[in-house]
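Line by line, the protein sequences give chains A and B.
Everything in the first sequence is counted per the working numbering, starting at 1 for the first residue and increasing by one.
Everything in the second sequence is counted per the working numbering, starting at 1 for the first residue and increasing by one.
A couple of the hints might just be wrong.
[Claimed, not checked] In silico DSSO-like links for lysine-lysine, alpha-carbon gap of 27 Å or less:
(1) K477/B to K212/A
(2) K208/A to K477/B
(3) K496/B to K212/A
(4) K197/B to K509/B
(5) K509/B to K212/A
(6) K208/A to K509/B
(7) K477/B to K305/A
FYI, nobody ran anything at the bench for these hints, they're computed from the structure.
These figures come from a predicted structure and were not determined experimentally.
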Amino acid sequence: MKKQQGLSNFQITAVVTQSMIGLILLGIARRAARLAGIDGVFVTLLTGVLSAAIAAVMILLCNRFPNLTVIEFSQEILGKFFGRLYGAFFVFYAMLVTAVTVRGFADALKMLLLPKTPIEFVMITMLILCSYCVAGGISSVSRINEIFLFPVIIVISLVILMNMGDVDLFRYRAVFSNGIKPILNGIPEMSTAYLGYEILLFLAPVVKNKDKMMPYGLSGIAIPLVLYTGLVFVSIGVDGALATADIIYPTIQLARRISLLGSSIEKFDILFILLWILSIYTTLITFLYMASISVTRLAGLRNYKPFIFILIPLIYMIAILPEDIADLNTVVLLSDYIGMAVVLSCIPMLLISIVRKKGGKNNGS
Amino acid sequence: MKIRKRNKNPKNRKSMEERQSHTSRSEDTVSFKLSRDGKENLQKFKAFLEESSDAVFRQFELGTSGISCALVYIDGLVDKMVIQQMIMRPMMLELSKLEKSGIMIGQENAYDFVENHIITVGEVQEAETLDKAMRFVMSGEVVLILDGYDKVLIVNARGWPDRSISDPDTEGVIRGAKEGFTETLRTNTALLRRKCKDPNMVIRTIQLGRRSKTDVAYVYIKGITDPGLITELEERLSRVDIDQIFSSGHLEQLIEDSSNSPFPQMQATERPDKTVANLMEGRIAILTDNSPFALLVPATFAQFFQSPEDYSERWIISSFIRALRWIASFLAVFTPAVYIALVSFHSGLIPIRLALSIAATRSQVPFPSIVEAIIMETTFELLRESGARLPKPIGQTIGIVGGLIIGDAAVRAGLTSPTMVIVVSLTAIASFVIPTYSAAIGLRIMRFPLMLLAGTLGLYGVMIGFIAINIELISMKSFGMSYMTPQSPLILQDLKDFVIRGPAKKMRKRPVQSYAIDMVRMDMNERENHEETTGIE
């Protein structure tokens with residue numbers, strides 16, 4: 001009997017896409033418009049391409065160590081001490097992202113859907129639900145990602161397509177009017193919106209077809225790239241760059257404009273929020289998995305289930321720590337910086353591993 | 001297999017021995033080896049069966065030779081005509097005619113002569129030990145003891161009252177075969193053989209249950225079914241250690257993957273045509289004696305939404321109906337929860353006129369919508385359950401009680417709102433659309449936790465429930481096959497028989513999800529050539 005082991009090709013795509021689309025989905029157009037005005041579309045597009053390039057480096061690095069996660073191969077590349085330090089960063093980062101995401105989600109939900117429910121209750125239920133899935137291992141995580149991918153893609157595409165007719169190309173007049181500089185300046189901040197693909201560093205040992213990581217991993221980045229660019233384009237085209245920069249959740253705004261079936265479904269934004277819950281959930285489980293597998297591998301253990309239940313209270317504590325949105329934004333900024341550091345560190349890591357002749361085809365591990 | 005009870009747990013052994021000393025059991029007093037003395041052998045059977053009134057011991061002599069014989073059988077399980085006309089008559093009367101014409105039968109050749117020339121029955125076996133012989137007696141065969149031989153002849157004379165083949169109640173179709181399995185294993189295997197004449201269709205039988213000795217047959221097609229799957233099934237069946245197999249549903253729970261799940265992990269069907277179609281896809285069917293249901297493994301969630309009817313009708317119609325079933329499953333699970341969430345949390349989401357009329361009807365109701373919903377849904381479940389158990393003549397009463405009193409009168413009395421009645425009836429209708437009963441009931445149960453979640457967290461609670469159900473579904477397996485295949489893991493090829501049912505001509509390959517080793521259902525080249533020629537014409 002053929003045992004189904006490891007992640008299928010499509011599951012790689014699903015995991016990468018779903019871990020990238022999360023909190024930022026609601027505010028992507030706002031960030032783009034704030035950074036570069038009407039040129040925000042190009043910032044989004046360009047950053048996505050750059051992220052894909054970094055992801056390609058990441059996959060090259062992973063391919064040198066097909067049976068190890070980043071926690072283990074960083075110890076081979078950097079040596080025991082620095083490798084562990086590097087691994088500890090991952091634990092901290094993954095916990096921080098989980099906490100920030102669950103907090104941001106609870107805040108957004110309070111604003112959009114449940115004004116009277118305490119955010120603590122929302123966060124606790126969400127984290128418990130996450131631990132239920134992550135306890136099932138990477139197979140459960142990847143399958144949930146896979147199963148929720150289509151609903152999420154379909155609803156975002158609907159938002160883009162249904163608003164396409166209202167796009168006023170006049171609003172795009174004088175594209176590149178400020179030259180290329182604001183676009184380039186916007187890239188560093190925009191690139192944090194694409195974070196999430198660092199899960200690739202943990203996938204190598206569990207992937208079924210290891211040589212297929214490159215095409216399917218990159219197509220996992222292509223999906224958010226297309227969707228984000230579409231959202232930014234439509235949002236600026238409909239509301240104008242100035243207005244978009246002032247709306248908290250431009251994507252919700254777009255969804256609100258849609259009315260289907262002779263306006264019998266006029267609250268499309270609620271349907272959108274419900275499906276957005278799915279994509280938040282998939283981001284959370286991916287990062288919770290990342291956090292727990294990092295801790296486990298750092299400790300040199302195999303069974304990571306107990307660690308989930310140690311991490312959940314810690315994450316919850318980090319999540320309730322910020323008092324308001326401003327506080328939360330500081331933490332988000334911190335997590336974004338660490339995230340960028342983590343992502344960019346792959347380039348020197350690859351170089352060091354080539355120079356020190358670690359990994360690669362001659363490596364027996 | 002021994003009749004003797006195995007004492008596995010040494011802690012219990014002492015108490016077992018004590019108990020046995022009070023009522024000494026037959027198997028403790030008799031040795032299981034058959035002796036050459038016919039009287040003694042008969043005595044061994046009597047030690048077990050003498051107290052039972054339906055056991056028959058018939059002693060007679062073989063022709064005029066003076067060799068004493070005995071028949072042992074259970075009255076009611078055997079065909080008396082066979083015993084009288086094909087065993088006793090030739091042995092007693094016709095043999096003596098032969099002897100008159102000069103054939104001599106003595107102690108040395110009696111056994112072979114009886115087996116080869118006297119007994120005119122198709123199936124004859126022999127048994128050397130008592131427990132083997134006893135097993136045959138208990139399943140309706142006749143034991144023939146010949147004096148002077150330490151083995152006995154087993155003559156097949158099975159014949160017992162049997163239900164005739166009838167329309168399968170639980171899986172009706174409009175266009176399709178109208179025959180269903182019965183309680184007799186042999187009839188059921190014959191039904192399968194009639195639908196598939198391939199000699200590669202293997203029917204293997206084992207006996208399960210230490211005391212009940214229930215015949216369990218598993219059927220597969222050699223060359224299509226994965227040998228690994230067969231080994232896995234055999235291994236699971238061999239692990240079953242229980243005194244009685246009650247029904248196929250009982251056996252299902254003893255060999256399934258995850259027992260703490262509301263969803264069935266094997267497909268139970270009453271239909272031979274469905275069974276054979278699944279065998280052709282590489283699955284294994286498990287038939288249990290005394291149970292008119294076959295179990296098909298491995299099963300996936302999508303299978304529970306398929307009906308044999310789908311393949312008889314045109315693909316466009318079938319696809320529409322299949323999609324309808326998926327929508328129905330969503331309605332059955334989520335309607336009451338969404339209604340509660342909308343009414344008590346997000347009333348702004350309901351179109352304004354509808355919201356006003358709902359508010360108007362609800363103004364008479366003293367309960368919050370969650371309480372109202374739980375009362376009504378529980379009442380519906382009560383109605384359904386009582387309707388299922390009641391004798392048919394009283395069953396109509398339930399219809400009247402349900403329709404009139406619970407529906408109309410409850411609304412007039414102000415116990416519930418008309419909208420709630422619509423919600424409950426929609427759920428009820430939708431849940432009966434799902435063709436497989438066990439899957440439908442599993443989904444229906446989900447409504448109650450979902451209603452509670454919706455009552456506490458609104459639509460967010462509904463989403464939590466949705467995610468939790470999905471986690472449950474994707475983490476389940478049926479004989480190693482993921483339950484949500486072909487959706488997760490995504491198998492593009494199998495999607496043509498998932499929410500839609502693709503055109504029959506396009507179904508050239510067997511589905512991946514059943515482990516089939518021979519994938520080709522239609523010869524591709526031949527088919528393509530055929531299409532080309534018809535295209536030219």
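Structure-based check of each hint:
1. K477/B to K212/A: Roughly 26 Å between the alpha carbons, so the hint for K477/B and K212/A holds.
2. K208/A to K477/B: holds, 19 Å
3. K496/B to K212/A: At roughly 25 Å apart (the allowed maximum being 27 Å), K212/A and K496/B satisfy the hint.
4. K197/B to K509/B: Given pair K197/B, K509/B holds - Cα atoms ~21 Å apart, limit 27 Å.
5. K509/B to K212/A: Holds: K509/B and K212/A sit about 25 Å apart, inside 27 Å.
6. K208/A to K509/B: Given that 27 Å is the threshold and the Cα spacing comes to 24 Å, the pair holds.
7. K477/B to K305/A: holds, 20 Å
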